[in-house]
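*Asks:* So the protein lines, in turn, are chains A and B.
For this note's numbering, count along the first sequence from 1 and bump the result up by 12.
For this note's numbering, count along the second sequence from 1 and bump the result up by 25.
Worth flagging that the hints you see were computed from the coordinates, not collected in a lab.
Ideal placement from N, C-alpha and C gives every residue a C-beta, glycine not left out.
Hints should not be assumed to be uniformly reliable.
Some chain B residues well away from chain A (every beta-carbon gap over 12 Å; in silico) [as the list claims (entries may be wrong)]:
#1 Gly59
#2 Ala65
#3 Glu77
#4 Ala80
#5 Ala84
#6 Ser92
#7 Arg112
Computed beta-carbon distance windows for the label pairs [claimed, not checked]:
#8 B/Glu105 to A/Ser130: 49 to 55 Å
#9 B/Thr103 to A/Asp114: 21 to 27 Å
#10 B/Glu77 to A/Gly118: 49 to 55 Å
#11 B/Glu77 to A/Gly108: 33 to 39 Å
#12 A/Asp249 to B/Arg112: 33 to 39 Å
#13 A/Gly118 to B/Pro69: 29 to 35 Å
Not close to chain B: a few residues of chain A, all C-beta gaps over 10 Å, as computed [unchecked claim]:
#14 Leu175
#15 Ala232
#16 Glu264
#17 Leu319
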Amino acid sequence: MINRRRLLTQLSLTGLVPLAGCATLGEQRARVVVIGGGFGGATMARSLKLAAPQLRVTLIEPRQVYTACPFSNLVIGANRPLSAQQFGFAGVAAAGVEVKHDTAVGVDAVARTVTLASATRIAYDKLVLAPGIELDFTAIPGYDREASRLAPHAWQAGEQTVLLRDQLRAMPAGGTFVMLVPDSPYRCPPGPYERASLVAHYLHHHNPAAKVLILDNKDAFSKQALFQQGWQSQYGDLIEWQGVADGAAVSEVDVRNKVIHTDFDSVQYDVANVIPPQRAGRIARMAGATDASGWCPIDPATFASTLLNDTYVLGDAAIANAMPKSAFAANAQAKYCAVQVLRALRDLPPLSSTLANTCYSLVSPQYAISIAGVYQADETSWRPVPGAGGTSPLTADPAVRLQEANYADSWFSVVTNEVYG
Amino acid sequence: MKRLRSMMWVSAVAFANITYADDGDKLLIVPCTGCHSPVATLPPVFGRPAAELQATMQAMKSGAQPSTLMMRLLRGYTDEDITRLARILASMPGAAQ
């Protein structure tokens, strides 16, 4: 296997066509600073360095270890170790990227400098913001950062993921697990429903009289028919979903008394997973790259910020319209945007292309469903290509659901190898 | 240790390692590389003959060849796009099947 991979790799390397030969003098001196070492930012840093080895690329990421969100629901509801979600930056650094474990606290887009928490200031020619999300701890009365230590969000993977897993395992027999889901847009549209599925998977085996109640701040959700069909077939009536029309809009979370107040009712819970509304990561707002929505408007052709010069935004923080806030999309956007950044450094016009997204969701560890989309940029937005995309069929053999679960697993290996390997 | 180092080295570069910038045409395969790579447990696509790739993609697009989600994706690409995709993927190294 190793030999086969090595052979593949050597073949792969011989095919590289680096840009050194056609690099301009300006590009050789240029520096690109990327803020955020998640799927979008790390892909961007490596793609730039791969295409233009002489370019100086600096990645700013406070964490020494990145904990990936995709597949983290298996940590909560199955036996996946958190370590399977964790990746260091040695591979990124070995690719020639200058990795600075520091926090960006300010951007001066006129002087083109980034200020770091360590008080150093670094200059850039082009800046890429890939800061992911910031949770809005003011949106739900009673749910602030302190409350999240009792009722975890687990929407940024790591400690919170483990906390929710441990609370689930310690839940009393026949207990109630309540999940609060925000209105769109938010990171990973089908993620909450995958989580509910895998929580039910755990309960089905270990606490079958327990119940999962989803209080959703909207009236429809991603892959809804497929999820609801899967829940019924795998877990019977264990999961109950309520939308706004059912009275699920939450007015207050009381983590001391373990009560959630909705417009018409109060729910006593044993474990609460509160996923609050979100906005672009904090540095995007501090830099002035966000609009009133809290997210970052971009020129669809290039992912360039419409608010800041020489700045690009990608991944969850960007307003990419029909493209969902997913790791797959961030990875694809980064490869696309890297080309546009290099072309800008060379004074070449943008290059348009079709992008696509694929998101798998696990209904159980051996049962996955998918949603796919194909997108093209027009003057104002990324739009779905008519007639393309959509979800897995409602009627499918268990072998197909298993195959999609295997493909999901393969995707995670591919993307994490590429980005962090 | 040697084995470990070799694995690390392989994993560091096993990704398609594609520079999309050297040839604007290549940007078209960005979404393919989200799932397809030498480390994927998917049918190989890099370096396969263009005619084979084109025939397979057309058969998946029409539904003549069953697929999990490739039909949904390929419906977003014109016949001309698919010809281009096949040509680019065939030109990529990585095939030792």
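*Asks:* Per the stated criterion, does the least C-beta distance between B/Gly59 and chain A lie above 12 Å, as a non-interface residue requires?
*Replies:* 5 Å, violated
*Asks:* Just double-check A/Leu319 for me: nearest Cβ-Cβ distance to chain B has to come out over 10 Å.
*Replies:* Nearest chain B Cβ is 25 Å from A/Leu319, so the label holds.
*Asks:* Say whether it holds or is violated: B/Arg112 keeps its Cβ farther than 12 Å from all Cβ of chain A.
*Replies:* 14 Å, holds
*Asks:* Do the beta carbons of A/Gly118 and B/Pro69 sit within 29 to 35 Å of each other?
*Replies:* Violated, at about 47 Å.
*Asks:* Is the nearest CB of chain A more than 12 Å from the CB of B/Ala84?
*Replies:* 17 Å, holds
*Asks:* Measuring Cβ to Cβ, find out whether B/Ser92 lies farther than 12 Å from everything in chain A.
*Replies:* Given a closest Cβ separation of 10 Å, the condition is violated.
*Asks:* A cut-off of 10 Å on Cβ-Cβ distance, and A/Ala232 was said to be off the interface with chain B. Does that hold?
*Replies:* 20 Å, holds
*Asks:* 33 to 39 Å was suggested as the range; check whether the CB atoms of B/Glu77 and A/Gly108 agree with it.
*Replies:* 36 Å, holds
*Asks:* Minimum C-beta separation from B/Ala65 to chain A exceeding 12 Å: can you confirm that?
*Replies:* 5 Å, violated
*Asks:* Please settle this one: B/Glu77 was flagged as non-interface, so is its CB more than 12 Å from every CB on chain A?
*Replies:* 18 Å, holds
*Asks:* Does the claim that A/Leu175 lies off the interface hold, with its Cβ farther than 10 Å from every Cβ of chain B?
*Replies:* 31 Å, holds
*Asks:* Taking the Cβ atom of A/Asp249 and the Cβ atom of B/Arg112, is their distance within the range 33 to 39 Å?
*Replies:* Since A/Asp249 and B/Arg112 have Cβ atoms about 52 Å apart, the given range 33 to 39 Å is violated.
Violation of the numbered hints given earlier is confined to hints 1, 2, 6, 9, 12, 13; the remaining hints are satisfied by the structure.
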